[in-house]
Amino acid sequence: MADNPLIPFLSSYAATAASDSLVDENVRIALKRHGVQPIEAKAPKLQALIDNFGSPSPVNVVLTGTAGDGKTYHIRKFYLDHLAGDEKAWINGGGIAIEVKLESGKTLKIVKDLSEVNQEVKAQILPSFAASLLGDDRDTVWLVAANDGQLLKFWRDANGNGSLDPTLRQQCARVYERIMATLKDDLSCDPQDVVKADIHNLSRSMTDELFGEVLDSVLEHPRWDAECPACPAADKCPIRINRQLLRGKSSPFRRRLVEVMEISKRNDKHLPIRYVLVLVANILLGDSRNLDRPLLTCRTARQRAASGEYRTTNPFNNALGLNFRERDIEKLPVFSIMQSFGIGLETNNRVDRFLIDRTNPALHEKLEAIDPIYGARLFESDRTSYLEGDPSADSRAFEEAMANQRRRLFFLLDTPPAGDSGPISPWDLTIFRFAGHYLDFIRSLGGGDKSVFDKTVRSLIKGINRTLTGMMTEESEKLWLARSIGRLEGGVGRITQSPQPAISGGSFARVFVDRHPGTGRPQMRVGMLIRGKRDDSDAAFDLRPLQFEYLMRVSEGSLPSSFSRQCQQELRHFALVSAAFLNEFSPDDNPTVTVLALSKTGQIQTQTLEI
Amino acid sequence: MSNNDLIWPAKGALAVPGHQATSSITIWTDYAVWGLDIYDNQPTWFSLIELIIVLTDRWRKGARLLVDMPVDGQGARCHEQVDYVIYTNGNLRHLMFRDQDILPLSERNTVDQAAIWTQWLAGVKKDFPNLDLSYLRTMFNDDFNKFSEAVGLLRSAEVEPGHAKRWSSKHLLPVGDAALFPDFNPKAGGPGNLDRRFFRRSGEILYLMLSRASGALKDKLEPLLGDKLFTQSSPWNSIAHKLQGKDADLSDASKFASGSFAYLPVPQLDRYDRLAEDWIAVLSHDRVPIEDSLDYLMRLSGLHEVLYIAERAAAVQDAAEPVFYLDMLGNIPGNQIKNLSLETYKVHKNLTKKAVEAYIQSYFDTDEWSSVGNGANAVEGGDAAQKIRDRFLFKTSHKQAHPVEKEEQARELLVAAANRSHAIGSAFTAHARQIGFLSLKQGVGGWYTPTDALLEALVVANVDGVMEYGEFLKTIYRRYSFVVGTEEAKAFNKGSLPAPGQLFVANERRFEERLLALGFVDRKSDDCAFVINPFSAGKTE
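Protein chains in written order, with my numbering: chain U, 1 to 611; chain V, 1001 to 1541.
For the record, the hints were derived by calculation from the structure and aren't laboratory data. Careful, some of the hints might be misleading.
Partner residues are not named here, just some residues of chain V that face chain U (Cβ under 7 Å, in silico) [what the hints assert, rightly or not]:
hint	residue
1	P1235
2	S1238
3	E1291
4	V1466
5	K1524
6	P1534
Remember, predicted model here, so these are calculated numbers, not experimental data. By construction, the Cβ of each residue, glycine as well, lies at the ideal position given by its N, Cα and C atoms.
With the rest of the complex left out, here is chain U (with noise of 0.2 Å):
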């Protein structure tokens, strides 16, 4: 019988994930070796670029990213498909700036990879593209791909060099200056508006229709259907039952990897798309069982269906990278990812009575119905004979059948309700276990629900209370900017010298919680809210789920020092600059010193010196 051609193009995925090239050499790698119609990559910024370039005043475009992520990829599409470029100017264009007439009139100006140009012509182009980027030149605009740290060099190395009009230098340390606060706030352009130009990052564009598209062009490709049924072991080949679990936009298995995408990118870990594919094509191929060939081919699938034998080919686990030596998992950086949550490494009494116990038949049933194979098919020997008590059997054995269960359940449980603690919460399984709050409270920014944005503050200002006070305060209204003389008590402080900012009522001073345009990440800020009017401090303490974590548990009863110094130093910043804000505010007529103390109710009780 006919292997499936489709299986070992998906191979080279995984294998080559470390290629640069991934993007561009696939279309090649899928016509020659497998005869396969390539899977179709997408382009996010394409119709960006189209639409900006086809105005009447397109402004300067960069796209950066990591390699691999599409940047040259993009711009070759829109040479070739959309300005009708020539040919051979593109593959001859490597290292110069290409030239183009746009329909507007004005002159487009390409560069293919800013790393490939060397000294000579970077000096040649410096002073147009200074120009067109500060707006001097309007006439000609840019269309530049080059990876961050490349960029900034570029400018770096233009204001250090010596031999250039000390005027352009100027002008390059602007628009220097400018990039780098443009990218440090993760905008995609400058807000001050100095620097005229739109900065794409193709390795930040994932989003949940992108993921969605990325997995369908892999999972519903022609070609499942026309070889497959040719198969005898076609309804119980492994890679088949794997790709059913992921398909359909309702996949449980599906919305629990696009959630997982989204913290991931909050927390500044984004999947590129290439990472997706990798991740794609390892949960359908994955196999545990030779290290040295972690990827089913048609041959061994054929043989595990044969068999019935499954265990090594669990989805759950191959998401994880589970199939790969520990070493190989650093050349593939989307497993690290995926395994830096800890699924099923993390539980509770809850999860573990269910699994064990079958404490809720009916949600037993209901998984079982998503899937039969890697349930109890798998888990229920190991589980009778721990509940029997059999001596001789391996505990390490059986951990790791618990933790494999863990891990499907963390992938197939519903999402429950924002707010509703009543079923188990799939994000227990995870170091993140408020990563599902996480996500709610984002949906509640901006004119979401009500009631869930001001539960979650109120929790994440207890949070905060308590650990500017090392005390265990109930105080969730008002925000305490609370500081110690010197470092002697690291860190915690007994007294403060600002007024208390709060989330309602009648002071001017202020908390506010919204959502950054850039990264889509929660911030909370202090202002002084009068007659309606806004004046916020700049500085915003960043809700990255990691910091949403700590306050959310700090909040609950966990010790502030107990865990993550980083977010205790953030804090302390973010508190001296939210107090030296506030103070702008008030008159010094009166100046006070206010130590706290907790009374027995958790209360925050103050003590008032006047100096």
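Place chain V on chain U using the hints.
Chain V alone, transformed into the frame defined by chain U:
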């Protein structure tokens, strides 16, 4: 009486001024090279306090905060002469460091405040009849709890709490003029004297360094000092004022006059400018409270002092400028970076020893010395002894009755210089450890590895807003000769690497992780990371 004019100057050094008190000096070798005095038993906090005491005195007098070098008749620069006073501030000091009754009394928490005041004041009168603290009752409106709260708060600002046993050597964070005390030896029944047991002019040295920075830097620094240290009174200073009582009235208060001042040999060095730049950078942060700024200033001043010691040692003997390998990797096997660091520490210590030898040798190479006869007789021995005493303030074992030959006396001088207690190498080690720069372990040696507090000070002083990580590493290499990663290692070693490249890469990564844990780093991608100073002023265009 020694005539300072005859003292042998080190390379590039100013002549020792006539007003410098040298009568109690027994050997002038370390002082000639580095100055009088960088003292090992003066903790770096105390140096900062001493420096601020000098500044405070100038501010009170209405004089310019920093001094300029005077110029003699021929237009050459001469050493400065600075006098200052330190007020005893006895009431506050008693409350801070000698009283033991306030806390237990306040813990009684009774409603009868009047009774507690009476009891406490009676106790004070009994044990310290010369102290009158009754003003505190009025100051705090009869509220003993508030009084005790204020005392407790200020006590938490003690620096070096474990350091000194005597209460007259305990100090507070120098948060303002009311929180400054002299370090002295209290003689029973008398006012006591400045015995220079701990405050031995290391702070005065820092003062001279700042005063000798470039004019442009001083023009920036002086207004900042005036504003941050004196005009903007911190709340802690106000509390201290309240507690001082009568001592706040300086016209009547008891004080000590500092006799003499430090001697700093070299009139101009880049290192002085670096020090001034860091002071300007730290003080320019409006959003950092004074208490935190003082910690940064203590560490950075100590750092520049330590770097000065090594750099000066190298300069005096025309040796290569020192470099400091920062080991971030710790106790992993095969950590060659730590070995490099251990080696360079040994080299630096050795440099200090060799510098003194080179200094002494620079005199022995002169005609004046070679013209002295080498006989073991009263005349020639006496001539040698006189010259050594004049040039180095050192008395050899030569006596008229028991003459010693010149070469033997020379050896005595070298040995005494090398074995001097409180030698500069000891200060180098002690201060480098105190600022969180050097780690020392029995049987292993010393190596350079920064603590979190030092890292924080480095970021605050060197990063205005945001800076690329690579640029930060370049900056600390340029300003402090710190080597962390490959680029700087190559730069120092003329293109080659003294240890495997991957170790330097790991070292850089670990340095970044440390900054991340402190909330100072944001990595955007494999190629781009920023060091962020959260305290930099907001952007205003």
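Status of each hint after checking the structure:
1. P1235: At about 5 Å, which falls below the 7 Å cut-off, the nearest Cβ of chain U leaves the hint on P1235(V) intact, so it holds.
2. S1238: Holds, because the Cβ-Cβ distance from S1238(V) to chain U comes to roughly 4 Å (cut-off 7 Å).
3. E1291: It holds, given that the least Cβ distance between E1291(V) and chain U is near 5 Å, below 7 Å.
4. V1466: It holds, given that the least Cβ distance between V1466(V) and chain U is near 5 Å, below 7 Å.
5. K1524: 6 Å, holds
6. P1534: Because about 4 Å separates P1534(V) from the closest Cβ in chain U, which is inside the 7 Å limit, the hint holds.
Consistency note: the structure conflicts with none of the earlier hints.
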